[in-house]
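Chains as they are written, first to last, in the UniProt record's numbering: chain F, 1 to 370; chain Z, 1 to 370.
Everything labelled a hint here was simulated from the structure, so no lab data went into it.
Keep in mind that the hints are not guaranteed to be accurate.
One copy or two, either will do: identical chains are not told apart, so a pair holds if it fits within one copy or between any two.
Only pairs whose alpha carbons sit at most 25 Å apart, straight line, appear in this in silico DMTMM-like list of lysine to aspartate or glutamate [stated by the list, open to error]:
id: 1; residue 1: Lys278; residue 2: Asp136
id: 2; residue 1: Lys61; residue 2: Glu234
id: 3; residue 1: Lys61; residue 2: Asp294
id: 4; residue 1: Lys268; residue 2: Glu29
id: 5; residue 1: Lys278; residue 2: Glu195
Protein chains: 2
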Amino acid sequence: MSAGPSTTARPARAAAAGLLTELQRTLTEYFAERSAAAADMGPVVAEATGALEQFVLRGGKRTRPAFAWTGWLGAGGDPDGPDAPAVLRACAALELVQACALVHDDIIDSSRTRRGFPTVHVEFEQRHRDAAWSGDAAHYGAAFAILVGDLALAWADDMVAAAGLDPAAAARFAPVWAAMRTEVLGGQLLDIHGEAGGDESVEAALRINRYKTAAYTIERPLHLGAALADADPELIAAYRTFGTDIGIAFQLRDDLLGVFGDPAVTGKPSGDDLREGKRTVLIAEALRRADTTDPAAAARLRAALGTDLSESEVTELRAILTGLGAVDAVEARITALTESGLAALAGSTTTPRAAAALREMAAAATARVA
Amino acid sequence: MSAGPSTTARPARAAAAGLLTELQRTLTEYFAERSAAAADMGPVVAEATGALEQFVLRGGKRTRPAFAWTGWLGAGGDPDGPDAPAVLRACAALELVQACALVHDDIIDSSRTRRGFPTVHVEFEQRHRDAAWSGDAAHYGAAFAILVGDLALAWADDMVAAAGLDPAAAARFAPVWAAMRTEVLGGQLLDIHGEAGGDESVEAALRINRYKTAAYTIERPLHLGAALADADPELIAAYRTFGTDIGIAFQLRDDLLGVFGDPAVTGKPSGDDLREGKRTVLIAEALRRADTTDPAAAARLRAALGTDLSESEVTELRAILTGLGAVDAVEARITALTESGLAALAGSTTTPRAAAALREMAAAATARVA
Numbered sequence: 001m002s003a004g005p006s007t008t009a010r011p012a013r014a015a016a017a018g019l020l021t022e023l024q025r026t027l028t029e030y031f032a033e034r035s036a037a038a039a040d041m042g043p044v045v046a047e048a049t050g051a052l053e054q055f056v057l058r059g060g061k062r063t064r065p066a067f068a069w070t071g072w073l074g075a076g077g078d079p080d081g082p083d084a085p086a087v088l089r090a091c092a093a094l095e096l097v098q099a100c101a102l103v104h105d106d107i108i109d110s111s112r113t114r115r116g117f118p119t120v121h122v123e124f125e126q127r128h129r130d131a132a133w134s135g136d137a138a139h140y141g142a143a144f145a146i147l148v149g150d151l152a153l154a155w156a157d158d159m160v161a162a163a164g165l166d167p168a169a170a171a172r173f174a175p176v177w178a179a180m181r182t183e184v185l186g187g188q189l190l191d192i193h194g195e196a197g198g199d200e201s202v203e204a205a206l207r208i209n210r211y212k213t214a215a216y217t218i219e220r221p222l223h224l225g226a227a228l229a230d231a232d233p234e235l236i237a238a239y240r241t242f243g244t245d246i247g248i249a250f251q252l253r254d255d256l257l258g259v260f261g262d263p264a265v266t267g268k269p270s271g272d273d274l275r276e277g278k279r280t281v282l283i284a285e286a287l288r289r290a291d292t293t294d295p296a297a298a299a300r301l302r303a304a305l306g307t308d309l310s311e312s313e314v315t316e317l318r319a320i321l322t323g324l325g326a327v328d329a330v331e332a333r334i335t336a337l338t339e340s341g342l343a344a345l346a347g348s349t350t351t352p353r354a355a356a357a358l359r360e361m362a363a364a365a366t367a368r369v370a
Numbered sequence: 001m002s003a004g005p006s007t008t009a010r011p012a013r014a015a016a017a018g019l020l021t022e023l024q025r026t027l028t029e030y031f032a033e034r035s036a037a038a039a040d041m042g043p044v045v046a047e048a049t050g051a052l053e054q055f056v057l058r059g060g061k062r063t064r065p066a067f068a069w070t071g072w073l074g075a076g077g078d079p080d081g082p083d084a085p086a087v088l089r090a091c092a093a094l095e096l097v098q099a100c101a102l103v104h105d106d107i108i109d110s111s112r113t114r115r116g117f118p119t120v121h122v123e124f125e126q127r128h129r130d131a132a133w134s135g136d137a138a139h140y141g142a143a144f145a146i147l148v149g150d151l152a153l154a155w156a157d158d159m160v161a162a163a164g165l166d167p168a169a170a171a172r173f174a175p176v177w178a179a180m181r182t183e184v185l186g187g188q189l190l191d192i193h194g195e196a197g198g199d200e201s202v203e204a205a206l207r208i209n210r211y212k213t214a215a216y217t218i219e220r221p222l223h224l225g226a227a228l229a230d231a232d233p234e235l236i237a238a239y240r241t242f243g244t245d246i247g248i249a250f251q252l253r254d255d256l257l258g259v260f261g262d263p264a265v266t267g268k269p270s271g272d273d274l275r276e277g278k279r280t281v282l283i284a285e286a287l288r289r290a291d292t293t294d295p296a297a298a299a300r301l302r303a304a305l306g307t308d309l310s311e312s313e314v315t316e317l318r319a320i321l322t323g324l325g326a327v328d329a330v331e332a333r334i335t336a337l338t339e340s341g342l343a344a345l346a347g348s349t350t351t352p353r354a355a356a357a358l359r360e361m362a363a364a365a366t367a368r369v370a
């Protein structure tokens with residue numbers, strides 16, 4: 001990483017900590033405002049909004065609001081100016097979009113835990129079971145979680161509408177917000193379709209990364225911040241290149257950690273992505289190489305991925321991936337994307353302070369851990 | 001019905017037909033605008049937006065946009081004035097909220113058909129099966145439909161944001177739109193929770209009707225129209241009373257038709273609500289009465305509801321419901337609600353032409369069919 005230690009790193013970190021506190025306060029206030037009216041409909045509605053509130057407030061790294069806010073600052077937004085509170089609320093609303101995406105994704109992926117707690121559909125499946133209600137408990141849990149996710153998506157838009165943006169800023173924000181929500185849903189559609197259809201290409205895996213992760217996590221949040229600040233088209237273009245490149249690099253790093261990461265650092269059992277049979281760029285790259293150079297390795301990978309692998313089998317597969325040069329190829333992609341992303345940022349008109357913060361965020365997203 | 005034949009009925013009908021055409025055009029244009037960008041993400045995303053477009057354009061009675069538009073006209077909106085196109089687009093967006101509600105409801109209710117076609121989750125389950133993809137076809141169909149519904153909900157908000165409302169109108173619209181979406185989701189939560197928990201009370205059934213049907217179908221659409229026209233609080237209060245009362249009466253009529261309706265008119269097999277075991281006010285009223293006056297009838301109802309009833313058993317249950325006085329009680333509720341709703345309308349400042357249209361819509365929603 002070219003960012004290195006910087007004289008602006010300390011204030012950037014302090015500002016980041018302050019931002020997290022402000023986001024938490026803003027989200028807490030919003031839930032207090034909405035939950036009272038919802039609770040009037042009945043205890044079960046209060047349970048649903050309570051579940052959503054817990055989900056949002058007790059976890060999450062606030063990555064998307066942080067990029068949006070930093071994008072706004074970097075385009076000239078004044079954190080002490082009169083627009084700041086409304087901008088902060090609009091940025092915080094990204095956490096509600098994310099709550100919808102995760103709650104629905106957990107149904108789609110049949111995930112049992114999220115952020116160390118039962119997923120929403122599992123929690124309400126369990127309540128059904130504990131109460132010995134009639135009907136299928138798993139179906140009830142999924143139905144409840146579909147509605148909780150819908151509530152999150154609706155409230156995300158409501159939070160933007162009620163943020164108090166001036167009309168011109170709101171008009172600039174809306175088309176970017178529209179594109180972002182469609183892109184993340186498109187990315188999820190590409191993901192489930194690719195998995196079902198068994199698309200093994202590097203291109204398919206990269207396309208999913210682009211929409212499901214890069215556009216949604218970095219590119220569009222930065223774009224939203226820039227739009228709020230009425231940034232010029234050149235800065236927007238630079239942000240979008242930075243966001244796309246760093247976003248994809250972030251996902252590639254995540255894919256490597258899912259196979260090679262230290263469980264103590266990642267919080268996930270080592271090699272879990274192999275057991276789940278996740279179709280990542282790493283795996284696509286390995287299969288592509290094996291198909292031309294080592295058919296036995298290709299057959300071994302296809303037979304093993306998505307099965308209940310032992311620790312020694314995980315170690316064996318790691319050696320195959322490394323031996324095929326797939327790991328080096330992904331590392332090279334990460335390096336190239338990180339460099340091109342940082343170059344776009346360096347050539348932009350963003351403020352030095354925001355540039356320093358974005359370099360630090362890029363380093364955290366793409367650098368090797370453990 | 002007190003509306004009766006009216007000299008304004010003919011132009012009202014012509015205006016209604018013109019409105020349907022305008023709504024269809026507006027929705028068609030909106031899909032054309034969004035689908036192109038979505039298709040760039042890949043064919044599967046185009047399939048998803050295509051499925052949503054077909055769902056919205058090929059069916060539906062446009063009930064909610066019609067109430068919103070009529071509410072706006074009745075509060076002084078000028079259909080030939082400069083605000084009309086933006087108002088029409090904002091009203092049309094209600095059909096996208098409805099698409100989300102129906103697509104997700106069909107997953108929740110495990111419904112196989114909707115508007116004479118396979119439901120979205122069934123259609124994509126079938127495509128999975130036809131392609132012999134890997135994984136569970138039913139799970140894939142549900143996952144796909146969750147994302148299509150999310151897309152509908154996101155696009156509903158986007159359509160409002162892009163409607164071109166002037167900022168003051170948009171600001172009046174937003175809190176009503178927020179309340180409406182939360183209410184329909186709250187109503188669905190009450191519904192699935194009541195069904196699982198076996199709540200048999202009249203009050204529970206009425207509360208579901210209020211939020212899931214009345215608020216969402218009539219009360220809030222009228223309120224949205226009034227808000228766009230900057231109506232005075234008295235007219236808004238009158239609309240809301242009218243909408244709540246007529247909306248609940250509409251659901252009660254629907255419940256009666258689900259048991260006693262002519263299949264040739266309702267399009268559903270006769271007695272289907274009894275086979276599904278739907279917990280309606282009609283059933284709640286019958287059980288309440290049977291529990292105090294006829295324990296044998298109560299036992300027979302509880303044993304039979306939700307089972308695969310023969311035609312003769314449906315006939316027997318109808319006789320029990322009628323004999324208990326439940327049908328008369330529901331008819332009396334419909335009459336009382338229709339009268340109080342129409343009285344609120346009559347005492348309001350809405351324009352005579354809109355009042356005539358609303359009386360006609362109320363009659364269509366609540367009157368006996370067959």
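When no copy is specified for Lys61 and Asp294, does a C-alpha distance of 25 Å or less occur within a copy, between copies, both, or neither?
neither (41 Å within a copy, 60 Å between copies)
Alpha-carbon proximity between Lys268 and Glu29, which holds within one copy, between copies, both or neither at 25 Å
neither (33 Å within a copy, 47 Å between copies)
At most 25 Å between CA atoms: does that hold for Lys278 and Glu195 within a copy, between copies, both, or neither?
within (8 Å within a copy, 37 Å between copies)
For Lys61 vs Glu234, is the C-alpha pair at or below 25 Å within one copy, between two copies, both, or neither?
neither (29 Å within a copy, 47 Å between copies)
Within, between, both or neither, where Lys278 and Asp136 count as close if Cα-Cα is 25 Å or less
So Lys278 and Asp136 pass the 25 Å test across copies only (16 Å; inside, 29 Å).
The structure shown violates the earlier hints numbered 2, 3 and 4.
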